[in-house]
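From first to last, the protein sequence lines stand for chains A, B and C. First residue of the first sequence: 1, per our numbering; consecutive thereafter. First residue of the second sequence: 591, per our numbering; consecutive thereafter. First residue of the third sequence: 832, per our numbering; consecutive thereafter.
Calculated from the structure, these hints are not laboratory results. Hints should not be assumed to be uniformly reliable.
To be verified - What follows is a list of derived Cβ distance ranges for each label pair:
no., chain 1, residue 1, chain 2, residue 2, range
1, A, Thr409, C, Glu1006, 53 to 61 Å
2, A, Ser395, B, Gly649, 44 to 52 Å
3, C, Arg1049, B, Val770, 33 to 41 Å
The beta carbon of each residue, even a glycine, is placed where N, CA and C say it ideally should be.
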Amino acid sequence: MPARATWIAAILALVIVALPFTGLMPPYWVTLFNYIGISSLVAIGLVLLTGVGGMTSFGQAAFVGLGAYTTGALTVHFGMSPWLALPLALAVTGLGALLIGALTVRLSGHYLPIGTIAWGIALFYLFGNLSWLGAHDGLSGIPTLRIGDHALTEGRQYFIVVWLAVVSAVVAVQNLLGGRTGRAVRALRRSTAAAEAFGVNVAGTKLKVFVFAALLAGLAGWLYAHFQRSVAPGPFGVNAGIEYLLMAVVGGAGRVYGAILGATAITFLRDQLQNILPVLVGAPGNYEIVVFGAVLVFALQAAPAGLWPILFGPPRPGRLARRRPSAALGRRSVALRGAPLLDVRSACKRYGGLVAVDDVGFDVKAGEIVGLIGPNGAGKSTTFNLICGAQKLNSGEIVFRDASIAGATPQRIAARGLGRTFQHADIVADMSVLENVALGAHLRGEAGLLRAVLRLDRAEEGRLLDEAMRQLERVGLAPEAHKPAGSLALGQMRLVEVARALCLDPVLVLMDEPAAGLRFGEKKALAGLLRELRSDGVSVLLIEHDMDFVMSVADRLVVLDFGRKIAEGAPAAVRSDPRVRDAYLGGIAS
Amino acid sequence: MSAPHLEVQDVSVSYGRTQAVNGVTLAVPKGALVTLLGANGAGKSTLLNAIMGVLPAKGGIRFDGRAIEQLPLETRVVGGLSLVPERRELFPDLTVEDNLRLGGFRRSRIERAKELDGVYSQFPRLKERYRQLAGTLSGGERQMLAMGRAIMAQPKLLMLDEPSLGLAPRIVAEVFEHLVVLRESGVSVLLVEQNARAALQIADYAYVLELGSITKQGPAAEIANDERLIESYLGLGGTEY
Amino acid sequence: MDKTIFLFLVQDGVINGSIYALAAIALVLVFTVTRVILVPQGEFISFGAMTVAALEAGRMPPTAWLLVALGALSAAAALVQQRRTLSVRGVTLIVLFNLVLPALLAALTYALAPMKLGTAMNILLAVALIVPMGPMLYRVAFAPLANASVLVLLIAAFGVHFSLMGLGLVFFGPEGVSTQPLLTQSFTAGGIPITGQSVAVVAATALLLIVFALFFGRTLIGKALRACASNRLGARLVGIPTAIAGQISFGLAACLGAVSGVLAGPIVAIYYDSGFLIGLKAFVAAILGGLVSFPLTVLASLGVGIAESFFSFWTSNFKEVMVFSLILPVLLWRSLRQPAQAEEE
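Let the sequences and hints guide you as you build the complete structure.
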């Protein structure tokens, strides 16, 4: 049963095919909407890249240029058929994106957008200086598309091709976002640490999204070349790159349909300004760019989140179609209670002159709850990060399930069965609760980008989502499954994180201050959940500041102060240890 | 009894989605050293930030008899309120002396020179390192510098957010001595601390903040002898989960 | 390549590099204090040259009218932004700086323009007209976005750039200009001719850099600006008015831009959009300097100038491609270094 989105797309497609021939659209508008459609393709790719993936690119126009120039050169210099030139244009664009992307996705923070400006400009000057691309004058005489003997010279006929491409792009991106890779992309935008902790290959995923967006731009370039029938470097520079970014941002970066809205708004604005302004000013000239810039600045001041949220409200996660329950995923075997699970030996971590973790050693056995406590700044979070692979040991050893994990990546450690939650609930606010939890099962699936786009991943998706539902039921949040995760109370978000960690099928879960900010009832529920996990054979290592809470649930406590372990044992013993009292209440001041 | 130097009336502060501070009322009399105790996450830092003007808050804040809750942060500084924040917020690529001089940015050149002499005599170690970059100082020295910088603004009331954080006990003792000297010189002090014992030894009055609300208050000596306080710190509060 | 050509290329590179250095310093300064990547810096450069050209021809430079219009916008923006805490003193200051000053400058220019008072006066007047535009632009476009992300600020900067560049085209037209050099003598050294203007460029740049170094290194206000860049919260906590810091940094950037344009005018033909390209190359230099360190930025600027010179000699067509591709390995190197540093904190 195809998803509702596919039905909508099919209906839209029919409307699109019919519309230009109904006589309702004057030719001027048809041309305008052809350009809007071509721009929409680029903007849709940008929404995926920037809005969802968090990578801002000013250089998408350069990929449009790659597609356009490739097909231009092939059809003009070699007489190739445009349809044959399409896969080649896409191949060239994809290869360029692979090379440029391999470097770009490794750039951090605001270096990434700056990097895209750099190669965007470099490519622009490349186009303008290669003589076989016509240098500054470009290529002309590019043939139109032909279907059999019929040449698509009328704007109306081209309209169909362009907008069918747009609809396909929308469907492809929606499919992508509804699958395993889409979840990974959204997660890594919110927090790289969380994505890594559940096995996502961050650089690889970013690269896939980058190439996908570039291919959409390349497709737009191909359409542009055969519509315009000439190409010159002008439309492929950074100015155009900014305009595409604007379309994505103005529409509300993160909404696929927003890209089309943005493309329409910007194109209309430019067009109208070009017509109106010389009349207003009373003299001919290019005033529209002046007003355009001013409108841009004031629009950003008024609505930093784009137009879509203003017009249509905040995003709601997609409705998931009803499915038959599917076969359960494979599970790890449960270790015997009391068997050694995690062994930290003489761990040391230094930052410059400061020793954050100083010769710390303790262990966690199967089927027990261990609390890691100590005053602020004692080194608890750093110890967690060392165990999860988020930070590297300076010396010492960590053994998990009989294998050393010192120096291993967080993804590998997750694959061995170590899950974690975070101090500040690292949930993707505009994904549904169910999808957030399903991220935890990332390593238990295999479907990649291609399978998602072609909807070949539905069976596996079903299994992953069922598993997520099961874990949600376990933490008692099943009724909230389809709500946007950002709408939950803090206590519920903590439970969502626990469910997500459980989706990993872990043998050990590290929890960072799970009770912080919870009310009494929520803490009771959490304590009950932890005891249930213990009896199911899942061990828990938790950092906690709420002493009542951790004393109630933990079997054993490990106390750190100034990076060193100062006590260890059953709660009652630790509580009355004078060294622990001193550490918490403070040394005598004089 | 003159009007309190600082009066906080029914102040609430939201931090993201949680209500970090719930209807807190407290007062700092002129020339007194008042301490605000509580476990991690109780809302102490949030409250100080709201009083200073870093965070928006609901409720009334009066300083020196004037309502200041609408005034911007910079105006509160000029009015004589100063904060030594939890993370010190020094300027790491400027020298110790530059950091101190900038502390007196809103005062006149003469006042700055005078205060600088005073700070150097109170903190000889800062004087030794006056040309060193602030980012290269040790933890204890950074705390001294942060305090010195706040003093340069000639505050009438100084607020400190967990000055003992991350410091060895010997340095904590030194820091607290400086606070006593400060109080003797007529500056009122509002001290937020996790290290309850040390704070209660030098304070006149204490408030205990738990989950955003004041649960206990009284003269420091009374609170220091209160077994319940110690119990709540060590999980003997009796709450079973 | 023989020694003469080599020296020639180096000289060319140093001159261009000096102009890039002035613009790059402005970019780094503005970025560290306000997190804005000042794309419109190029327009300050173009306007500088074109204002001087108009004055040389005895015409009233349109820059003056732009200043008046911008002043009116800025006054309106200031009144709106400060509506809750307005005082008589505050309003007076707003009116004085945003309405009276531009009017006075415009009137002065109107009176002096036909007199063709010589290169030095023209330069002073041009700079005087452009410097106040900096704080005005900050107030109108960027102050309301003070808490926005670097990305939103960058997009807004592009918006300002589009508007100013469009206005440049409208006011100054599409033709290029060449202005009179400050020093007309020339001499020979090392076998190559050196013009007086080249010396003027390098000397002026060096002088400005020294003044800046002194300002930021010795004065309290300079240190206060550095403090804003170093730790914004810390700066606020000691009472430094960070909003004014933004305006000052923009003013300094406008000054540097105008001076760059004025210095470049006699050397190369300046069109309404030439400044943007100069700004882009200065941007490369600023990135190479890490967007943080002033001395590194100056070195990087000279490097970019010299590299461009040599690229241009080897393959005149692809020098831009090479210059802009230069950034990428540097960005990668900095990115790979940074995560390690962040961890150490």
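Now the hints, each set against the structure:
1. Thr409/A / Glu1006/C: 53 to 61 Å: holds, 60 Å
2. Ser395/A / Gly649/B: 44 to 52 Å: Holds, since Ser395/A and Gly649/B (Cβ atoms, about 51 Å apart) stay within the stated range.
3. Arg1049/C / Val770/B: 33 to 41 Å: The hinted range 33 to 41 Å holds for Arg1049/C and Val770/B, with Cβ atoms some 37 Å apart.
Violation of the numbered hints given earlier is absent; every hint is satisfied by the structure.
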